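K.L.:
According to the UniProt record's numbering, the stretch in the sequence shown is residues 1 to 156, in order.
I should point out that these hints are in silico values taken from the structure, not numbers from a laboratory. For clarity, every value in this text was computed on a predicted model and none was experimentally measured. One should not assume that every hint holds.
[Said to hold, decoys possible] Label pairs and their in silico Cβ distance ranges:
#1 Lys131 x Ala92: 43 to 53 Å
#2 Ala129 x Arg89: 36 to 46 Å
#3 Thr109 x Asn35: 21 to 31 Å
#4 Leu113 x Gly138: 15 to 25 Å
#5 Asp22 x Lys83: 42 to 52 Å
#6 Glu62 x Phe5: 36 to 46 Å
#7 His88 x Asn35: 19 to 29 Å
#8 Gly139 x Lys43: 38 to 48 Å
#9 Gly101 x Ala54: 13 to 23 Å
#10 Val79 x Ser13: 22 to 32 Å
#11 Arg12 x Asp40: 34 to 44 Å
#12 His105 x Tyr36: 28 to 38 Å
#13 Arg89 x Ser52: 36 to 46 Å
Just so you know, even glycine gets a beta-carbon here, dropped at the ideal spot from N, CA and C.
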Amino acid sequence: MRSAFDFAPFRRSTIGFDRLFDLLENSATGQGGENYPPFDLLKLDDNRYRISLAVAGFRRDEIEITAQQNQLIVTGKKVDDDKADYIHRGIANRSFERRFGLADHIRVTDADLSDGMLSIELVREIPEAMKPRKIQIGGSTPATETIESQAERADA
């Protein structure tokens with residue numbers, strides 16, 4: 001299924017954004033029908049995030065969290081209890097897989113399971129080489145330093 005927006009003009013005039021355009025074009029089909037388990041996405045500050053998933057009934061050993069190239073995969077595999085003789089079973093006992101697309105430089109720092117809620121902490125760590133730099137105009141050898149290091153020097 002194609003998206004309602006045509007990204008062809010942007011593809012012709014940009015370099016290195018193929019992955020972004022592919023994500024945008026495939027977003028309409030990527031998450032259709034996937035609604036278990038429910039989750040919240042929280043932005044804690046400019047560089048910290050939290051994903052909270054409602055995984056009531058799952059134990060730590062039944063949940064697997066995998067971070068791979070620009071993707072976070074949370075999998076729950078419920079073992080069926082054949083010994084139980086249920087009269088009614090209303091609590092979901094199904095396995096699941098939830099996928100979250102991660103931007104560049106997003107790293108998972110922690111995960112915790114408490115009271116049926118799985119919380120996954122994420123942080124954006126921008127490499128030093130990608131931080132804004134102020135370029136000094138000078139003699140034959142240009143001096144460069146990050147804007148943050150200039151602020152630290154001014155505070156000292």
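K.L.:
Assuming the hint says 34 to 44 Å, is it satisfied by the Cβ distance from Arg12 to Asp40 or not?
P.N.:
38 Å, holds
K.L.:
Using the beta carbons of Glu62 and Phe5, state whether their distance is inside 36 to 46 Å or not.
P.N.:
Holds, at about 40 Å.
K.L.:
Please test the hint of 22 to 32 Å on the beta carbon pair from Val79 and Ser13.
P.N.:
Given about 52 Å between the Cβ atoms, the range is violated.
K.L.:
Determine whether the Cβ-Cβ distance between Asp22 and Lys83 falls within the hinted range of 42 to 52 Å.
P.N.:
47 Å, holds
K.L.:
Given the hint of 43 to 53 Å, check if Lys131 and Ala92 actually sit that far apart at their C-beta atoms.
P.N.:
45 Å, holds
K.L.:
For the range 38 to 48 Å, tell me whether the beta carbons of Gly139 and Lys43 fit it or not.
P.N.:
Check passed, 44 Å falls within 38 to 48 Å.
K.L.:
The hint says 36 to 46 Å between Ala129 and Arg89; measuring C-beta to C-beta, is that right?
P.N.:
55 Å, violated
K.L.:
Measuring from beta carbon to beta carbon, are Arg89 and Ser52 in 36 to 46 Å?
P.N.:
25 Å, violated
K.L.:
Is the gap between the beta carbons of Thr109 and Asn35 within 21 to 31 Å?
P.N.:
27 Å, holds
K.L.:
Using the C-beta atoms of His88 and Asn35, is the stated range 19 to 29 Å upheld?
P.N.:
Once the Cβ atoms are compared, 23 Å apart, the range 19 to 29 Å for Asn35 and His88 holds.
K.L.:
Within 15 to 25 Å or not, the Cβ separation of Leu113 and Gly138?
P.N.:
Because 55 Å falls outside the window, the suggested range is violated.
K.L.:
Per the hint of 28 to 38 Å, is the separation of the Cβ atoms of His105 and Tyr36 within bounds?
P.N.:
30 Å, holds
Hint compliance for this structure: hints 2, 4, 10 and 13 are broken, all remaining hints hold.
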